[in-house]
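J.: Sequence:
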Amino acid sequence: MSREVYNWQNHEHIPAVRTPKIPVEIDNETWRDGMQGSQVIKHPTVEQKAEYLRQTATLGFSDHFDIGFPASGPRHIAEIVTLIDFSKSRKLPLTFSAAGRGAAAGDLRAILEVAEKTGEPLEADLFLDVSSMRADVEKWDRNEKLEQLRENIMFAKKSGLTVMFVPERASDTKPEELFEACKIAADAGVERIGIADTRGILTPVSTQRLFRAVFENVGSKYPDVKFDFHGHNDLNMGLANCVVAAVEGAERLHATSRGIGERAGNVPLEQLVVVLNLNGIRPSDTSRLHEFAEMASNILSVPISSHEPIIGPESSTTASGIHASTYAKDQDVYLPFNPSGVGLETHVRVGPLSSIANVYAFCKELEIREITEEEAVSVLNYAKNNGGLLIREEVFNILGLKGIAA
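If you count the sequence shown from 1, position 354 lands on 369 in the numbering used here, and the numbers rise without skipping.
Fair warning: there could be bad hints in the mix.
What the hints assert, rightly or not - Simulated pairs of lysine-lysine, DSBU-like, Cα-Cα distance not exceeding 35 Å:
hint	residue 1	residue 2
1	K106	K160
2	K160	K36
3	K154	K103
4	K189	K160
5	K198	K173
6	K344	K241
It should be emphasised that the hints constitute simulated quantities derived from the structure, not laboratory data.
Start from the sequences and build out the full structure, keeping to the hints where you can.
T.: Structure representation (structure tokens):
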């Protein structure tokens, strides 16, 4: 067997096969894939997880939840049942799935136990690495695994579940092996196929080529099967790849709050919501996004960094003199969106590369009464000679020397 890794970046270019399916849905993986990472030292309580469900559903930031691995044990099953019952009792606009290994009958039985206890429609997300490389590493009989997958899908369907087949490591599986497995799953009755970039190696170009090839060789033959994209952020391309997947015709995209997950994590939910909204792919009211992100940050104990895209408190801040001058006239010249649209504000700081416009704007933020040009120049000169950004106390001290009261 060959351990060759397929590079979809080099796959032949083919024209677009599908049109975008707008609006796309968001599959929230925070309580499944997110919990597999090392970012969250102590997992949230079931009460905290339930409150998270309520907020993300109420605010419209998620449509579906992969709620966990029932096969992890009785305690995990009990928690999953509690969360689904919580959602049902409050009539939250969410659907649910649970994950399991595609060739492991025991994993499917655990998913069926959850479905039986909740009495709710449940999607079984059955994953299997179908590459000959993985079969060689694990000493698997690949054909045997594919047959077990087929049998599990058929049993899940017979038991009343909907099914998504997830070809693990689709992003580096040889095309013929990937297409073969997807067709087996489609013939067995799956409603969805989730294309997984398990190692986080895709680029926007390879994402496009992968989806077009899958749609041409599988999707065109099974028009009723829907497609998901599950990305990882190892090369910091997960978000961009999600947008490409959506444009190419994927119906559902996976993400986690704060981007938590294995290794470098998953696609950050908060960023995905805004990017999809800005591009008309999934319209959302994002006015409370920062509030939601802070809630998630608190229960996960994963801080929001100051310059984190979209939700970082300094993500719309400038210390540039040229930018600050333009900010005063029209922020849209430099900003990709109005920060108030996610619950944040624009800020201006004063530093060595600032202009007098920064000083006026910063003093206004500090609610200092109007200062003269001479006083503003004094503050600016201090900043240019200081080698860093001025803080509130420094500005007050400088102006205090001029007799300015705060």
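J.: Given the hinted pair K154 and K103, is their Cα-Cα distance within 35 Å?
T.: violated, 43 Å
J.: Is the hinted pair K198 and K173 satisfied, with a Cα-Cα distance of at most 35 Å?
T.: holds, 19 Å
J.: Please work out if K344 and K241 have their alpha carbons no farther apart than 35 Å.
T.: Roughly 47 Å between the alpha carbons, so the hint for K344 and K241 is violated.
J.: Hint check: K160 vs K36, CA-CA at most 35 Å. Holds or violated?
T.: holds, 32 Å
J.: Within 35 Å, alpha carbon to alpha carbon, are K106 and K160?
T.: violated, 39 Å
J.: So if I understand the rule, the pair passes when the alpha-carbon distance is 35 Å or less; does K189 with K160 pass?
T.: Between K189 and K160 the Cα gap is close to 17 Å, so the pair holds against 35 Å.
Checked against the numbered hints above, the structure violates hints 1, 3, 6; every other hint is satisfied.
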